[in-house]
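Chains A and B supply the protein sequences, listed in that same order.
Numbering of the first sequence is given in full-length UniProt numbering, commencing with residue 1 and proceeding in unit increments.
Numbering of the second sequence is given in full-length UniProt numbering, commencing with residue 1 and proceeding in unit increments.
Any given hint could turn out to be false.
Copies of the same chain are indistinguishable here, so a pair counts whether it falls within one copy or spans any two.
Each computed DSSO-like pair below joins lysine-lysine, with the alpha-carbon atoms no more than 30 Å apart [said to hold, decoys possible]:
1) 52 x 130
2) 138 x 5
3) 130 x 51
4) 57 x 138
5) 52 x 117
6) 5 x 57
7) 52 x 17
8) 5 x 17
9) 57 x 17
10) 5 x 52
11) 5 x 130
12) 51 x 5
13) 138 x 52
14) 114 x 52
15) 138 x 17
16) 51 x 17
17) 117 x 130
18) 57 x 130
In short, the hints are calculated from the structure, not lab data.
Number of protein chains: 2
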Amino acid sequence: MDEYKIDDVARECGLTKRTIRYYEEIGVFPTPERSEGGIRLYTREDIEYLKKIVNAKEILGFSLQELVSYLSVSDAYKLHHQTYHDMTSRDHRRQQLTHMSEMLEEQLQMLRTKVEKMRLMQQELEQTQKRLDDFIRKFDEETDSLDS
Amino acid sequence: MDEYKIDDVARECGLTKRTIRYYEEIGVFPTPERSEGGIRLYTREDIEYLKKIVNAKEILGFSLQELVSYLSVSDAYKLHHQTYHDMTSRDHRRQQLTHMSEMLEEQLQMLRTKVEKMRLMQQELEQTQKRLDDFIRKFDEETDSLDS
DNA sequence: CATAAAATTAACGTTGACGTTAACGTTAGC
DNA sequence: GCTAACGTTAACGTCAACGTTAATTTTATG
Chain A
1 MDEYKIDDVA RECGLTKRTI RYYEEIGVFP TPERSEGGIR LYTREDIEYL KKIVNAKEIL
61 GFSLQELVSY LSVSDAYKLH HQTYHDMTSR DHRRQQLTHM SEMLEEQLQM LRTKVEKMRL
121 MQQELEQTQK RLDDFIRKFD EETDSLDS
Chain B
1 MDEYKIDDVA RECGLTKRTI RYYEEIGVFP TPERSEGGIR LYTREDIEYL KKIVNAKEIL
61 GFSLQELVSY LSVSDAYKLH HQTYHDMTSR DHRRQQLTHM SEMLEEQLQM LRTKVEKMRL
121 MQQELEQTQK RLDDFIRKFD EETDSLDS
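Produce the complete structure using the sequences and hints provided.
Structure, rendered in structure tokens:
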């Protein structure tokens, strides 16, 4: 049963049908197979791909435009496997591979700096928390001494 | 010279004047003092505050609505220092402090889970990179053997 | 096979986050 | 004190990312 209709996909990915069609419309999600009557039929692979999109969007805060570049890596990787034994020259193939590697490195750099910045904010917040809790302790001690 | 005009602020924070007025309009940035003629005059403190907003927005990917809740902590902290010696009761004061502490803890939880998710994506990407680089190595060895 | 449930396209509506323009007042430098 | 540069409000414009509705077709089920 490797066939899912749009509502199944929507449920599983936490999106609305409209959103899925919209993603297809702007090209961040491929147009799937259709039934005789024109109904979209998705595969499990499609769903996993869409989940990656949602993840990248939510976690990385990517806009849909940025997602296109992010996904090009994944796309290329797929293409790479699919056309493994076709007639493209070794040079061209090698070029594709290095390009993928470069894109990956770029993505990783972005991620690393983002993680680093978030960790800095985290430390800052933890400092503030520590100071606040210290203050509350002092405040309570003061209150105690007033009570006694 | 603790007086800056909107253009100075815009330059230093990397925003447009319109954006700054907009932030003021929707309440994520306080309305500053005005000159006799109605010109906005900002302090260094204002600028640092705005920088925090920009940072939170960019790094955390917060919407301006979410920023309001994020900033309420900072606001409360400020208020706390300002009204340190006024007539508010100790109980009310204590309540404010614990509320701040709770908000902080919430923010920290969000940050920690976000950082964790990003690190997972990072590891995934690094795995992919590793596999890809291995593949390229094999590819090159194969090419070498074809050449020889 | 009838009919309700679910899918399709197409078009207009909405919300957030500003950009742009106009019309006008303020300030700084010569 | 004049003028250019910079400020102000107010209103309309825009773009992304969908939501909503309508009108129609397809599919599943008693």
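At most 30 Å between CA atoms: does that hold for residue 5 and residue 130 within a copy, between copies, both, or neither? Close neither inside one copy (51 Å) nor across copies (35 Å); limit 30 Å.
Could you figure out if residue 52 and residue 17 sit no more than 30 Å apart (CA to CA) within one copy, between two copies, both or neither? within (17 Å within a copy, 37 Å between copies)
Should residue 138 paired with residue 52 be assigned to within, between, both, or neither, using CA atoms and 30 Å as the limit? This pair counts as between: shortest inter-copy Cα distance 28 Å, intra-copy 48 Å.
With identical chains treated as interchangeable, where does the CA-CA distance between residue 52 and residue 130 reach 30 Å or less: within a copy, between copies, both, or neither? between (37 Å within a copy, 19 Å between copies)
Checking residue 114 and residue 52: alpha-carbon separation at most 30 Å within a copy, between copies, both or neither? both (19 Å within a copy, 16 Å between copies)
If the cut is 30 Å between Cα atoms, do residue 5 and residue 17 qualify within a copy, between copies, both or neither? Classified as within: same-chain Cα gap 10 Å, cross-chain 48 Å, threshold 30 Å.
Using 30 Å as the alpha carbon limit, work out where residue 138 and residue 5 are close: within a copy, between copies, both or neither. Neither way: residue 138 and residue 5 sit 61 Å apart in one copy and 40 Å across, limit 30 Å.
Alpha-carbon proximity between residue 52 and residue 117, which holds within one copy, between copies, both or neither at 30 Å: both (23 Å within a copy, 13 Å between copies)
Check residue 5 against residue 52 for me: Cα-Cα at most 30 Å, and say if that holds within a copy, between copies, both or neither. Result: close within a single copy only, 19 Å intra versus 45 Å inter.
Checking an output row: residue 51 and residue 17, CA cutoff 30 Å. Within, between, both or neither? within (14 Å within a copy, 38 Å between copies)
Check residue 51 against residue 5 for me: Cα-Cα at most 30 Å, and say if that holds within a copy, between copies, both or neither. The answer is within: 15 Å in one copy meets 30 Å, while 46 Å across copies does not.
Is it within, between, both or neither when you check residue 117 against residue 130 at 30 Å Cα-Cα? both (20 Å within a copy, 25 Å between copies)
The structure does not agree with the numbered hints 2, 4, 11, 15 stated previously, though it agrees with the rest.
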